[in-house]
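The hints should help you fit chains B, C and D onto chain A, whose structure is shown.
Each chain, letter by letter, is given below.
There are 4 protein chains.
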Amino acid sequence: MIDYRSDNTGRAAPQILEALIRANHYTALGYGADDWTTELQQRFSDLFETSVRVFPVATGTAANALALAALSPSWGIVYCSDVAHINTSEANASGFFSGGAKLTAVGGRHGKVNSDLLAEALAGIAPSQIHRGQPSALSLTQATDLGAVYTLDEIQTIAEAAKRRGLRLHMDGARFANAVARLGCAPADATWRSGIDIMSFGATKNGGALCDAIVVFSPHLADGLAVQLRRAGQVWSKMRFASAQLLAYVENDLWLDMARASNAVAARIAAALHDIPAARLLAPVEANEIFLELPQVAMDALEADGFQFYRRSRTLARFVCRFDTSAAEADALITALRRRLDTSPAPQAVG
Amino acid sequence: MIDYRSDNTGRAAPQILEALIRANHYTALGYGADDWTTELQQRFSDLFETSVRVFPVATGTAANALALAALSPSWGIVYCSDVAHINTSEANASGFFSGGAKLTAVGGRHGKVNSDLLAEALAGIAPSQIHRGQPSALSLTQATDLGAVYTLDEIQTIAEAAKRRGLRLHMDGARFANAVARLGCAPADATWRSGIDIMSFGATKNGGALCDAIVVFSPHLADGLAVQLRRAGQVWSKMRFASAQLLAYVENDLWLDMARASNAVAARIAAALHDIPAARLLAPVEANEIFLELPQVAMDALEADGFQFYRRSRTLARFVCRFDTSAAEADALITALRRRLDTSPAPQAVG
Amino acid sequence: MIDYRSDNTGRAAPQILEALIRANHYTALGYGADDWTTELQQRFSDLFETSVRVFPVATGTAANALALAALSPSWGIVYCSDVAHINTSEANASGFFSGGAKLTAVGGRHGKVNSDLLAEALAGIAPSQIHRGQPSALSLTQATDLGAVYTLDEIQTIAEAAKRRGLRLHMDGARFANAVARLGCAPADATWRSGIDIMSFGATKNGGALCDAIVVFSPHLADGLAVQLRRAGQVWSKMRFASAQLLAYVENDLWLDMARASNAVAARIAAALHDIPAARLLAPVEANEIFLELPQVAMDALEADGFQFYRRSRTLARFVCRFDTSAAEADALITALRRRLDTSPAPQAVG
Amino acid sequence: MIDYRSDNTGRAAPQILEALIRANHYTALGYGADDWTTELQQRFSDLFETSVRVFPVATGTAANALALAALSPSWGIVYCSDVAHINTSEANASGFFSGGAKLTAVGGRHGKVNSDLLAEALAGIAPSQIHRGQPSALSLTQATDLGAVYTLDEIQTIAEAAKRRGLRLHMDGARFANAVARLGCAPADATWRSGIDIMSFGATKNGGALCDAIVVFSPHLADGLAVQLRRAGQVWSKMRFASAQLLAYVENDLWLDMARASNAVAARIAAALHDIPAARLLAPVEANEIFLELPQVAMDALEADGFQFYRRSRTLARFVCRFDTSAAEADALITALRRRLDTSPAPQAVG
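Sequence lines, in order, name chains A, B, C and D.
Position one of the first sequence corresponds to residue 1 (this note's numbering), numbered consecutively onward.
Position one of the second sequence corresponds to residue 1001 (this note's numbering), numbered consecutively onward.
Position one of the third sequence corresponds to residue 2001 (this note's numbering), numbered consecutively onward.
Position one of the fourth sequence corresponds to residue 3001 (this note's numbering), numbered consecutively onward.
Chain A on its own, in the form it takes in the complex:
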C-alpha cells in the first residue's frame, strides 16, 4: 500500500521525538514557566524578525478556533473560504470558542478568498446594522485547502480590503511551511508584514507530532489569549515537552526542509500529469496536495493497485504528499495514473 491519504497519517520527524527525550531531565516549572518555552519565544521572534508571542497548542483546530476567538467578539462575522478547514472540518470550533461568532464563506478560486468578493460582502453590511452580526475577522488558509498558495501580493490586497473595514486577520497556517517553501520568502513577509495579526503555525501535518502553535503578531491580543488558552485546556503543565517539539521543528530549517520535500514530490507528480490529458487538476499544485478529477473507475483501479487516497466526491480524488513520501512512491503513482487513465473513459466535467 502507498499512502496518499493525508499528511496527518505520517510519521513525526525523528528529530522532534528525540527532542522530547533530551528535554526529559531535571525538573522544570509548569505551564510554560520553563526554559524551553522561554527559548521558544526568542526563537520564533528571530524567525519572524519581530517580537512575537508563541503559544503551543495541541491541535490545529485549537490554534484556529482560539486565534479567531481572540479576534472576534461573540457577535462577530468571520469570513473565510467556503472550503476552509475551519468551515468544513472543525465541527464549528470557532463558533464555539468565540461564543457564537458566525463563519461566513466568501467565494474565490482554488480555496482562496477573493478580495473583490470580500469587499462586496463587507459593503452589504452597514456598521449600524444589528441583525446579522458585525464583520470582525478574516481567516486566510495558507497553503489553501485545495493545495494552492496565496502570493504575497494576494495576501496584501485582501488584507487591505479587510483592514479598510476594521477586520483583523488570521492565517490558518496548517501548511504554512509548504507555503513559505513555495514562495521562498521570509516568514515575516507572508504574515505580519502583509497584515496578519495572528496565525496558526502548523507543525503536525509537516512532520510534527503532538503540537502546533499560535503565533501572535499584534501584542495586545496575547495576554487575554494566555488566560483563554489556560481555560481551554490547552496549556500543558509539562509544557517543556511541547515547546521542545516546536524548537526542534524549526531548528536548522527542519520545517522548511520537510516542506520542500513534500512540495517537491507533489510537484513531480503534477508535472507528470501535464501529458495525461484525462487527468484534470482542480487547482494548481503549489504545495503538497493534489486534487485530481478522476472517473470513479479510475479511482477504483488505483485503489486496487494499492494506492490510498481520499475521495472528496464521486469524481474528485485528493493525494497528499508527506515529508517522507519518496520519489519512488511518486513515480509509482504516476505510472498507475498513466495506465489507468489511458484505459478509463474521459472524466465528466465537474461543476
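Simulated from the structure, these hints should not be mistaken for laboratory data.
The C-beta atom is built at its ideal place from N, Cα and C for all residues, glycine as well.
Some hints could be false.
Which chain A residues stay away from chain B? Per the calculated CB distances, all over 10 Å, these [as the list claims (entries may be wrong)]: (1) Asp82; (2) Gly108; (3) Glu120; (4) Pro127; (5) Ser128; (6) Thr157; (7) Ala159; (8) Glu160; (9) Ala186; (10) Val250; (11) Glu251; (12) Asp253; (13) Arg260; (14) Ala301; (15) Glu303; (16) Arg314.
Estimated spans, in silico, between C-beta atoms of each pair [as the list claims (entries may be wrong)]: (17) D:Asp3046 x C:Ala2271: 44 to 54 Å; (18) B:Thr1335 x A:His25: 22 to 32 Å; (19) C:Ala2105 x D:Ser3218: 36 to 46 Å; (20) B:Glu1039 x C:Ser2128: 11 to 21 Å; (21) D:Thr3050 x A:Pro127: 18 to 28 Å.
The following block gives chains B, C and D in isolation, referenced to the frame of chain A:
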C-alpha cells in the same frame, strides 16, 4: 535544590517517551482511527473490568471541563469541594465548556465533599425552582486537593446522596493512580462500581508527558463527547502518539508503580513528622502531597536550605513528591524540617 | 405615505393593550406563578388539542434561538432554509444560545426546505463523523420568509425525512397565524400532528405588542427550557402582563381574524398582479407578504408616489400587509403598480 | 391578605400602561428606529446630565447579564456581594452571556461590597496569573439586596479600588429609584460621576410593567452591546411599546415619586420597630425592603393574620413595600408585629 513544588515539574517516565519512538513507524489514520487508539479502548476496558470509552486529551483541565460539560446542561449546578482544582485553578474552564454551568462549593474536610452538606445543599433547591439553575453533577477529586483519599465507602455514600437527586458523577482523577495505590482496590471499585459516570484519568502528574484521558463509564455520554472533543481542539490528528503514551503508562502496572513510589516518599516524610510537634499537617498524607502548617521563618529557612515548595498561604506550605523523588531527598527534607522547626517559634493555629 | 415596510411597523390590536389595563389590579406572584400564566397553559392546550407548555418571551428571536437551543446540543447542526430569518436576520442568536450549534442552509423553493435536499445533506454526514458536528434539528418557517405556506403534506414529508435521522423539529411560526388562516386547518395539524416538537408562536407581526411565545409539544423539553429562559432574561417578573397579551391574542379567534385580514389584502394585491405582465412574483402569495421583482425605476416611482416598502435587492421589492392594512391602501398600491409598470421598461430577469 | 412578598407582585403605574395606548397609532419603524426610542435617548441623557445610550430590555436579569458581558471577557472575574441578585437568583445568567465569566463574592455588610476586602481579593491575583481568570468587573447593587443604600462616598471609594486594577463598574439598579430617592442626589452623582460605566436601570420593581433598561455611560461599550442585545433576543421589533413605558416612567419624576412612596412606607414600619425590642433588623431600612429576624412562631402568626411575605430562612423574614402599599397597610403590619412579638418568645441570635 530539591524540588517539592509540584508533580508537574517532573520528568516523564522514560517508558512513555520511548513508546512515542516505537509508534513512529509507517502511516496510520488520523483522529483516533489508528491501531494504538483501538488497543487503548481494549486495554482500559480490561483495566476497569467493563467496556469503557477512553479519549486522550491534552490536559487535566480539558479532561475535567469536557467531562463536566458532558454531565451538565448549560444551566446546571456542578457541586465540588471548595478547594477542588476545577474551582480554584482552571480559570472556570468547566463554566466555559458547559456554556455557563455554575460551580458551587460544598464543605467538607481534607478536600472532600461532605455527603450531609451535599444533601443539605440539594434540599435547598426545589426541582421547580428556576432562579439558581438546577443541580446536575457532582465532581469528586481523588486523591483530594489536600492530599487525602476518599475511601470506597465515602464515595458510595456521597454517590448515593447525589444519585437520589439525579446528579451524575465525575471523578477528577488527576492523582487517581495515587488513590488506587493507597486504597489497594480495583480501579473499577473506586469508579463505576461506586457510581462514577465519567472520569478524568490523570497521567501527567504521575510520570506522564503530554496527555491525560477521559474515561466514560456511562455509554450514552460517549458519542456526543466525541464530537465535543473534536470541536474543543482535543482530538490530535496524529492520535497514535497520545494513545501510545497512555498504553505505556498502564503497561505492566507502570502507573501504579510510579504512584506507589511517590506515595511512599510522602508517607516517609509524614511519618517523620509525628515526632516534630511544631509540624502540623492540614490533612492526612494519603497520597503524594503534604500540606504543612509552618511559620514563615521556617519556610524562609527551608528555602535557604535549597528546598523548593509552594506557599499556599503565609502559614501553609505544600510539598509534592514525584515518582522519582528519592528517599535521600525525603530524608534531606526531614532533617531540615527537624532542624528548622526545633529553632522556630511554634506555628500559630490556622482557622 | 402608505406603509408596506413590515408587519412589525404596525399597531398592536387594541384588545391586546386593553388586556394589560385589565390585568393591572391586585397583586400577583412573579415569574409566571400568576393566574394569567396558569390560564395561558390551559388556553393554549385547548387551542392545540393536547397538553402543551407555553412560555411567553419578549421577541421572536428569543423564541427561535431558545427553542433551537433546547433541540440541539452545542455541537449540533441545525438545518433551515437559506432565507430563514434565523439564518439571515437574528445575528446568529441560535448559534449563541446553543453554545455553538451551526446553522446549515438547505435548498428549496419559495423559502421552503426541500425534503430531498435535506435527505441528501443528512446522507452526507455519517453518524460516526466528528469533524462537522452532528445533525440535530430542523427549523421550518411557516409561513416562509418569502411569503409561501407549507402544506400539511409538505410538513409531514420533510418531518419524516428529518425524524429518520433522529432530528427534532422546530417551527418558526412568526407568521403562524397567517399560515393557519391560509391552510384552514387545526393548529394541531400544522404542528405536533405533523411532527413538530417545539414552536415559536408569533404574535408581534400579527397585531401583538411586546411578546411572542414558545410552545412545547414534546414534554421532556419543557423543564430544562424553563431554567434556560430564566437565565436568558426572558422570564418577566410581572409575567401577568405578558400572559394577558397572549390570552387576548387568541381570545375569540382574534389572532386568526387579524391574519385573515392581512392575508386577504395581500391576496387582493396579488390577484391584481395577474394582468400586469411586468410584475413578476418571486413566490406565490399565500400569506401577507408579496415579493415582487421590479425594475429600479419602478421602485423609485412607487416611493415617489408615497409607498414605503423594503428593497431586498436592486430588483426585488417586498410589500407586507398588516392586519389593519385597508382595502383602499391595497387598491392604491395596485393602481400605482399598474401605472408605473406600464410606463416602466420590462424588468430584467433575476438569477 | 396584605401582600409584602415582593415589589414584583405589584401593579404597574397606570401612567405606564396608558402610554402604551397612546403609542398605538400609525406605523413606526422596528427595532428601535422609532420616535419614542429616539426621544428616550435624549430624555435619559437629560436625566443623567451626559450623553448616554439607553437600551430597553425585557428584564432586570437581561440588563444585568448583558451589561456584565459587555464589561468582562469570557475569562474574566466579576466581583459582587455574596447576596447580590446576580449571584443568588439569576441562574448564572452573567456566566452564560459572558461566555463563562465567573462571579466571585466579596464580603461586606448589609449587602454591600467592602472596598478593603475587594482590594485584598484583587491583590491575591497577579496580572500574569492564568489559572483563575483575570479580574474584569465589579457589580454594585443599589439599593442592596438587603435594603441598604450605598452612600456616594462608599461608591467612590470602592470604585477607586476597582479602577486601580482596571476593573470596570456595573451598577445593578433594580431599585435605583429607591436609592436616588433616599440619597436625594442627582442620578449622575450616583452613577457615572462616581465611576459607574454601565447600569441596569430598573423599572419593573418600582411600578414598571414589561421592561427595564441598560444605560451606557462609557460610549465605547454601546455599539457592540447593540448587536449583542439583538442576538440575545432583547430588541423588540415594536420597540416603541417598550420605550414608551420608560418615557412615562421618568416623566414628571413619576419614578422618584413612586420610590419615595415605597421608601416612606418602609421607613414608617422601620421606625415603629424601634420600640419593639424583639424585632431585630438585619440591615438598616434605607429603601423599600425590611429584613427582619423573627422567630418562626411569629412568622406563622403573621401569616395567620393575613400578611404575605417571604421567609428567607427559618428566622429571617423579608417585607417589601410597593409604590402603592398604603400607610394603612403599614400600620396593620406594625400592629400585628407588636402584638405577635410581645407574646412570642424572644428570637434566637442569628449567626
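Against the structure, the hints:
The Cβ of Asp82 (chain A) sits about 19 Å from the closest Cβ of chain B, beyond the 10 Å cut-off, so the non-interface label holds. A cut-off of 10 Å between C-beta atoms confirms that Gly108 (chain A) is not in contact with chain B; the least separation is 25 Å. Distance check on Glu120 (chain A): its Cβ is at least 30 Å (rounded) from any Cβ of chain B, clearing the 10 Å threshold; non-interface status holds. A cut-off of 10 Å between C-beta atoms confirms that Pro127 (chain A) is not in contact with chain B; the least separation is 29 Å.
Look at Ser128 (chain A): its CB is around 30 Å from the nearest CB on chain B, clear of 10 Å, so calling it non-interface holds up. Thr157 (chain A), annotated as away from the interface, keeps every beta carbon of chain B farther than 10 Å; the closest lies near 31 Å. At the 10 Å boundary, the C-beta of Ala159 (chain A) stays outside the reach of chain B, the nearest C-beta of that chain being 26 Å off. For Glu160 (chain A), the requirement that its beta carbon stay farther than 10 Å from each beta carbon of chain B is met, with the minimum near 31 Å.
Every Cβ of chain B is farther than 10 Å from the Cβ of Ala186 (chain A); the closest lies at roughly 28 Å, confirming the non-interface assignment. Consistency note on Val250 (chain A): stated as away from chain B, and its beta-carbon is indeed over 10 Å from all of that chain's, at 18 Å minimum. No beta-carbon of chain B is positioned within 10 Å of the beta-carbon of Glu251 (chain A); the least distance is around 18 Å. No beta-carbon of chain B comes within 10 Å of the beta-carbon of Asp253 (chain A); the shortest separation is about 21 Å.
Remark: the non-interface label on Arg260 (chain A) is consistent with the geometry, its nearest Cβ contact in chain B lying 20 Å away (cut-off 10 Å). Look at Ala301 (chain A): its CB is around 21 Å from the nearest CB on chain B, clear of 10 Å, so calling it non-interface holds up. With a minimum CB-CB distance of about 15 Å to chain B, Glu303 (chain A) clears the 10 Å threshold, and the non-interface call stands. Non-interface status of Arg314 (chain A) relative to chain B is upheld: no Cβ of that chain comes within 10 Å, the nearest being about 22 Å off.
The supplied range of 44 to 54 Å is met by Asp3046 (chain D) and Ala2271 (chain C), whose beta-carbon atoms lie about 51 Å from each other. In this structure, Thr1335 (chain B) and His25 (chain A) meet the distance hint of 22 to 32 Å, their C-beta atoms being roughly 26 Å apart. Range check, Ala2105 (chain C) to Ser3218 (chain D): about 38 Å between beta-carbon atoms, so the 36 to 46 Å window is met. For Glu1039 (chain B) and Ser2128 (chain C), the hinted distance range of 11 to 21 Å is satisfied, since their beta carbons lie about 19 Å from each other.
About 24 Å separates the C-beta atoms of Thr3050 (chain D) and Pro127 (chain A), a value consistent with the hinted range of 18 to 28 Å.
The structure is consistent with each of the numbered hints, conforming to all of them.
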